[in-house]
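Each chain is listed here by its residues.
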Amino acid sequence: MGQVIVVTSGKGGVGKTTTTANIGTALAKLGKSVVLVDGDIGLRNLDLVMGLENRIVYDLVDYVEKKCRLNQALIKDKRFEELYIMPAAQTKDKNAVNPDQMKALCAELKEKFDFVIIDCPAGIEQGFKNAVAGAEKAIVVAIPEVSSIRDADRIIGLLYAEGIEDPSLVVNRTRPDMIKKNDMLDIEDTRELLGIKLLGAIPEDSCIIEASNKGEPAVTNPNSKAGKAYDKIARQLAGMEVEEEPKGFFEKIKKAFSKK
Amino acid sequence: MNIRNLFKNNSASTAKNRLKVILTSERSQVPEKVIDAVTREFAEILEKYFEVDSKQMDIEVKHSDDPTNVVKGNSTMIIVVPILQVKEKSKSWE
Chain H
1 MGQVIVVTSG
11 KGGVGKTTTT
21 ANIGTALAKL
31 GKSVVLVDGD
41 IGLRNLDLVM
51 GLENRIVYDL
61 VDYVEKKCRL
71 NQALIKDKRF
81 EELYIMPAAQ
91 TKDKNAVNPD
101 QMKALCAELK
111 EKFDFVIIDC
121 PAGIEQGFKN
131 AVAGAEKAIV
141 VAIPEVSSIR
151 DADRIIGLLY
161 AEGIEDPSLV
171 VNRTRPDMIK
181 KNDMLDIEDT
191 RELLGIKLLG
201 AIPEDSCIIE
211 ASNKGEPAVT
221 NPNSKAGKAY
231 DKIARQLAGM
241 EVEEEPKGFF
251 EKIKKAFSKK
Chain G
1 MNIRNLFKNN
11 SASTAKNRLK
21 VILTSERSQV
31 PEKVIDAVTR
41 EFAEILEKYF
51 EVDSKQMDIE
61 VKHSDDPTNV
71 VKGNSTMIIV
81 VPILQVKEKS
91 KSWE
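If you're matching them up, the sequences are chains H and G in order.
If you use my numbering, the first sequence corresponds to residues 1 to 260, in order.
If you use my numbering, the second sequence corresponds to residues 1 to 94, in order.
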């Protein structure tokens with residue numbers, strides 16, 4: 001039996017789809033079976049970020065309306081055997097499905113996959129309620145910026161009200177240079193303001209835009225800093241031990257020697 | 001610490017302070033100026049008996065459905081007031 005995780009943020013454009021795609025791909029790299037569900041009906045994008053937009057025939061709404069079989073609405077990834085996406089419908093709107101249908105869908109998917117990850121739409125209306133309905137866990141994505149944090153806090157309150165007890169935080173697009181100069185809220189400040197546990201922080205990285213240009217998630221690029229940070233989050237979600245980064249120069253040397 | 005920062009207001013702490021007030025107010029659905037007044041008046045009461053570190057005072061409101069909340073179903077206000085020492089015995093002890 002797998003677990004159902006919703007990736008949400010309240011505010012748009014802070015990296016929900018990027019986070020969904022990268023955590024999902026990173027979990028598949030670890031050998032887990034994963035399905036990524038695009039919950040943004042009417043404004044689908046997960047297919048594009050994953051580079052699978054040409055393969056869509058049926059979508060989530062088709063399956064919920066019993067117009068196709070489950071495996072017709074699941075698109076297999078090009079790179080990993082056990083990675084699938086379920087695209088959102090592009091021509092319908094958020095009212096095309098209801099929370100009960102989403103619950104049933106998630107219950108069915110978690111029988112078949114280790115991880116069911118739902119990419120939630122921005123906002124707090126019907127689309128949010130649908131995306132959250134079948135989820136047991138939530139990842140809240142926020143960037144260290146006032147409007148994103150305020151919206152994330154609203155979302156956290158709504159997640160509690162939906163019975164999701166222990167949401168975790170991904171602080172996205174951190175700029176270490178700005179944090180050093182005290183011109184950006186640091187990771188701990190952001191976590192403290194929102195009052196939930198930290199899952200990980202993703203540094204701002206130009207690889208993310210290059211990755212979505214190509215339709216290849218950053219975790220497939222070994223040189224991407226953001227990709228490495230997503231790998232670390234995936235290991236944590238998979239219950240694997242996460243190696244702490246050595247902090248200073250000397251610690252790095254010590255670590256390099258102790259490996260031999 | 002960069003020496004230039006000494007001469008410049010850093011925007012991160014401004015952001016943190018602004019967010020602290022707005023999140024507290026939104027979680028409790030109480031206007032910001034009421035939160036300010038509650039904090040101030042609370043400190044005034046404590047200051048009758050203790051020397052407090054008013055700069056380190058902190059206020060937090062928990063989301064009503066937060067499972068770590070002591071009272072279920074209501075938002076809870078937590079005010080942290082560091083006490084430096086008990087004041088000399090005064091009239092207020094009587």
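Keep in mind that the hints were calculated from the coordinates and are not lab data.
Incorrect hints may appear among the rest.
[Stated by the list, open to error] Derived CB-CB ranges, DEER-like: (1) 240/H to 54/G: 31 to 39 Å; (2) 69/H to 31/G: 48 to 56 Å; (3) 54/G to 136/H: 40 to 48 Å; (4) 80/G to 197/H: 15 to 23 Å; (5) 240/H to 34/G: 30 to 38 Å.
[Unchecked claim] Here are the simulated lysine-lysine pairs, DSS-like style, with alpha carbons at most 27 Å apart: (6) 197/H to 20/G; (7) 181/H to 72/G; (8) 48/G to 197/H; (9) 137/H to 48/G; (10) 16/G to 11/H; (11) 87/G to 197/H; (12) 181/H to 20/G; (13) 232/H to 180/H; (14) 180/H to 228/H; (15) 225/H to 214/H; (16) 67/H to 11/H; (17) 197/H to 181/H; (18) 180/H to 20/G.
C-beta atoms are modelled at their ideal positions from N, C-alpha and C, and glycine is treated no differently.
request  = Take the C-beta atom of residue 240/H and the C-beta atom of residue 34/G, compute their distance, and say whether it sits inside 30 to 38 Å.
outcome  = About 47 Å separates the Cβ atoms of residue 240/H and residue 34/G, which means 30 to 38 Å is violated.
request  = Would you check the hint for residue 180/H and residue 20/G, treating anything up to 27 Å between C-alpha atoms as holding?
outcome  = holds, 21 Å
key: Given pair status - residue 180/H, residue 232/H, alpha carbons within 27 Å   = holds, 23 Å
ask   = CB of residue 54/G to CB of residue 136/H, is that within 40 to 48 Å?
value = Since the Cβ atoms of residue 54/G and residue 136/H sit about 43 Å apart, the hinted range of 40 to 48 Å holds.
inquiry  = Just to be careful, I want the Cα atoms of residue 197/H and residue 181/H compared with a cutoff of 27 Å; is the pair within it?
reply    = Measuring from Cα to Cα gives roughly 25 Å; hence the hint holds.
Pair hint outcome, residue 48/G versus residue 197/H [Cα-Cα no greater than 27 Å] = The hint is violated at about 37 Å.
Given hint residue 20/G paired with residue 181/H - CA-CA distance at most 27 Å = Between residue 181/H and residue 20/G the Cα gap is close to 21 Å, so the pair holds against 27 Å.
key: residue 87/G paired with residue 197/H [C-alpha distance capped at 27 Å]   = violated, 38 Å
ask   = Between residue 67/H and residue 11/H, is the straight-line Cα distance small enough, at 27 Å or below?
value = Measuring from Cα to Cα gives roughly 33 Å; hence the hint is violated.
ask   = Does residue 228/H lie within 27 Å of residue 180/H when you go C-alpha to C-alpha?
value = Satisfied, since the Cα-Cα distance of roughly 21 Å is no more than 27 Å.
message = Against the range 15 to 23 Å, how does the distance between the Cβ atoms of residue 80/G and residue 197/H compare: consistent or not?
response = Once the Cβ atoms are compared, 20 Å apart, the range 15 to 23 Å for residue 197/H and residue 80/G holds.
inquiry  = Run the distance test for residue 197/H versus residue 20/G: straight-line Cα separation, threshold 27 Å.
reply    = The hint holds at about 17 Å.
When each numbered hint is compared with the structure, violations occur for hints 1, 5, 7, 8, 9, 11, 16.
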